[in-house]
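There are 2 protein chains.
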Amino acid sequence: MNHILILGGDGYLGWPTAMYFSNRGYRVTVVDNYFRRNACLELDVGMLYALPSLVERAKMWHELTGNEIKVVIGDLQEPEVMRSLFDGRIRYDWAVNPSFTGLPDTVVHYAEQPSAPYSLINHRYANITLQNNLVVTNNLMFAVRDFERDIHIVKLGTMGEYGTPNIDIEEGWIEIEHKGRAERFLFPRQASSLYHTTKIMDTDLLWFGVRMWELRVTDLMQGPVYGLETDEMEMDDRLKTLFNYDEIFGTIINRFIVQAVVGYPLTVYGRGGQTRGYLHVRDTLQCVEKACETPAKRGELRIFNQIMETFAANELAEMVQKVGNELGYDVQIDHIPNPRKEAEEHYYHPTYQGLIDIGVTPHYLTDRVLENMFKTVAQYRHNIREDVIFRGVQWG
Amino acid sequence: MNHILILGGDGYLGWPTAMYFSNRGYRVTVVDNYFRRNACLELDVGMLYALPSLVERAKMWHELTGNEIKVVIGDLQEPEVMRSLFDGRIRYDWAVNPSFTGLPDTVVHYAEQPSAPYSLINHRYANITLQNNLVVTNNLMFAVRDFERDIHIVKLGTMGEYGTPNIDIEEGWIEIEHKGRAERFLFPRQASSLYHTTKIMDTDLLWFGVRMWELRVTDLMQGPVYGLETDEMEMDDRLKTLFNYDEIFGTIINRFIVQAVVGYPLTVYGRGGQTRGYLHVRDTLQCVEKACETPAKRGELRIFNQIMETFAANELAEMVQKVGNELGYDVQIDHIPNPRKEAEEHYYHPTYQGLIDIGVTPHYLTDRVLENMFKTVAQYRHNIREDVIFRGVQWG
Chain Y
30 MNHILILGGD GYLGWPTAMY FSNRGYRVTV VDNYFRRNAC LELDVGMLYA LPSLVERAKM
90 WHELTGNEIK VVIGDLQEPE VMRSLFDGRI RYDWAVNPSF TGLPDTVVHY AEQPSAPYSL
150 INHRYANITL QNNLVVTNNL MFAVRDFERD IHIVKLGTMG EYGTPNIDIE EGWIEIEHKG
210 RAERFLFPRQ ASSLYHTTKI MDTDLLWFGV RMWELRVTDL MQGPVYGLET DEMEMDDRLK
270 TLFNYDEIFG TIINRFIVQA VVGYPLTVYG RGGQTRGYLH VRDTLQCVEK ACETPAKRGE
330 LRIFNQIMET FAANELAEMV QKVGNELGYD VQIDHIPNPR KEAEEHYYHP TYQGLIDIGV
390 TPHYLTDRVL ENMFKTVAQY RHNIREDVIF RGVQWG
Chain P
30 MNHILILGGD GYLGWPTAMY FSNRGYRVTV VDNYFRRNAC LELDVGMLYA LPSLVERAKM
90 WHELTGNEIK VVIGDLQEPE VMRSLFDGRI RYDWAVNPSF TGLPDTVVHY AEQPSAPYSL
150 INHRYANITL QNNLVVTNNL MFAVRDFERD IHIVKLGTMG EYGTPNIDIE EGWIEIEHKG
210 RAERFLFPRQ ASSLYHTTKI MDTDLLWFGV RMWELRVTDL MQGPVYGLET DEMEMDDRLK
270 TLFNYDEIFG TIINRFIVQA VVGYPLTVYG RGGQTRGYLH VRDTLQCVEK ACETPAKRGE
330 LRIFNQIMET FAANELAEMV QKVGNELGYD VQIDHIPNPR KEAEEHYYHP TYQGLIDIGV
390 TPHYLTDRVL ENMFKTVAQY RHNIREDVIF RGVQWG
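Chains as they are written, first to last, in our numbering: chain Y, 30 to 425; chain P, 30 to 425.
Worth flagging that the hints you see were computed from the coordinates, not collected in a lab.
It is possible that some hints are incorrect.
One copy or any two copies: either way a pair holds, since identical chains are not told apart in the list.
[As the list claims (entries may be wrong)] Mimicking DSS-like on lysine-lysine, the simulated pairs with C-alpha atoms at most 30 angstroms apart in a straight line are:
(1) K370 <-> K88
(2) K404 <-> K351
(3) K370 <-> K351
(4) K319 <-> K88
(5) K370 <-> K326
Isolated chain Y (complex conformation):
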């Protein structure tokens, strides 16, 4: 039975991933330091509903399914916390069987500060982002190097690493011909936030490790994720994953739905031509699963562009407006001055075929999906704090 270790197992993607793999017979260990929950408290940005602790969730999951998700609460910036997960010194904060599960077959690395505005609040938040993201990745790389190089690292990258170049975006790599000679290089990366820049650095770091020590790494260049429905979360309301609707941690579609429900005009930044690739949380899980089932080879940095379709911000706002209006909400769209520094109209032509080639079946952003999101959000309408929706963190 495969063992999967999920770093950042309390997060928006981490917890659904843990249940998904547990439900499919994997042995699962999750690690988290509650960074996201603490940051939400510190910055006073609300979540749509309160969450049980990670230990409580694991207990509920066990009661419901009989499956064990072992829990470690700890900061993976500490090398010895990371290394204890590999050498057996770990003491679980919750487990049915407290003995060491053994080395993982796969490590899914989500343990990063994931917000662009957070990373640009000021120099302190920039440093937190830089240190957390880089040191955790480095500790993971060295642990795999030192304890078992055959372990497959599945790392979450972001489409934002590429930025919005004037050429087609390939899946991670490009062949460059120059003055009669040629070589294959990482596709050029130039991101438009400090957070996204740390993800470029992660790529630099793991590409170094792959070449030096023949590690196996899959890099999932993900677009913004939306949605709340997975089979496991639907088993019990208390198993739902966290849901942020604020500008700092809320992703655009989730945020727009909340704004529509409370009658807060949808905040489109500037002209709204910013085009990105999106996917449903169900597809994140499918992508990670397929990546685990067909691991990268030794010495391979395998890169997938993890998006299912692209939309401009204006298109998303219009889709949410249309569905919201049909459901009886009065949805307004507001083009506010762009707090970010980014192209508001640009060429955007990414390739995204690799994950479909290994078996992922895409879900799309349909009216039906939006309607379901509206219904879930409406249940928690009384929790929504309008004052935290927009904070105006300036890239300036």
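Got chain Y; can you put chain P on it based on the hints?
Chain P in isolation, oriented as in the chain Y frame:
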């Protein structure tokens, strides 16, 4: 009168840079936390001669020339230490005039852990390298962003960022044509040590800052430096810069000379076809001076390849052997198993014209230069500890 702030002012390049600018009428402030000296102690790798403290050196310089080099001893990983240099809160550890000099016109950023083997001793040294280099650069970037964006940042990069690609290496940038469209990107980077990878990350970070906040940045992609002679160091033996001859901190030419002087066979790694670009310490100073005199524009990341000629490791060993033998030493060359993971024969065709175009006059590695280095090293022959020359840090 221009004010230049030198981060890492106690180092092999930092101290000669401080005297060079002071001698040319600049107001100079140096900052250092003695990282290099402490690391040499901790790792027990000897320097060729003992050094006065940075404060002692600044005092001697003042006695000799009447010029003031203000000294700050502090760790620039602390954001408030960095920011105090810009907002006037700084208290100098030594100065003739203790009042705040004011904002610098130029910051020369050398404050990094500069050794590839150091960065790969184990995961702890990897983390130290990663954190020091990235956090100092980030603190500098945010200080300039927050206090005065017109300040010119001159940052030391490394030719090692490019690695040894199969195409010609341009000066920092490359135009990529792809499927009928084109854009100019950073030249692809893929380094062969963790240290060199942190320098790629520095580039990622500053390129982000330049695009977001229209900073002025010059990136000097330097090759390994050799030599001990500058006009200022020749004023007094006690003003000499540090000189390492060990595998961790000693650069290849400096190390070979020491090995030749004590009859330790020159340690060529593997087949010795590793080709790199080199320059004399005098040329580092010239390059930094020319870069300061003609700063990058607002919103420009200007990149120069800072080398004057290229040599394979075998060629360097043969040159040192020839000159050494002429001076009466019996110089042997030993091809040892390569502790590094790197190509031992490879294509290497870098461009390096930009610095010459702005007025740098190259010095070359002549027999005469090598003879002078032999003479200096021979003076300190009794200090050389043969047991620390080779440590065998494995990339493995």
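Hint-by-hint comparison with the structure:
1. K370 <-> K88: Classified as neither: same-chain Cα gap 44 angstroms, cross-chain 47 angstroms, threshold 30 angstroms.
2. K404 <-> K351: Within one copy only: 15 angstroms inside a chain, 82 angstroms across chains, cut-off 30 angstroms.
3. K370 <-> K351: within (29 angstroms within a copy, 58 angstroms between copies)
4. K319 <-> K88: within (27 angstroms within a copy, 65 angstroms between copies)
5. K370 <-> K326: between (38 angstroms within a copy, 19 angstroms between copies)
Violated hints amount to a single one, hint 1; each of the other numbered hints is respected by the structure.
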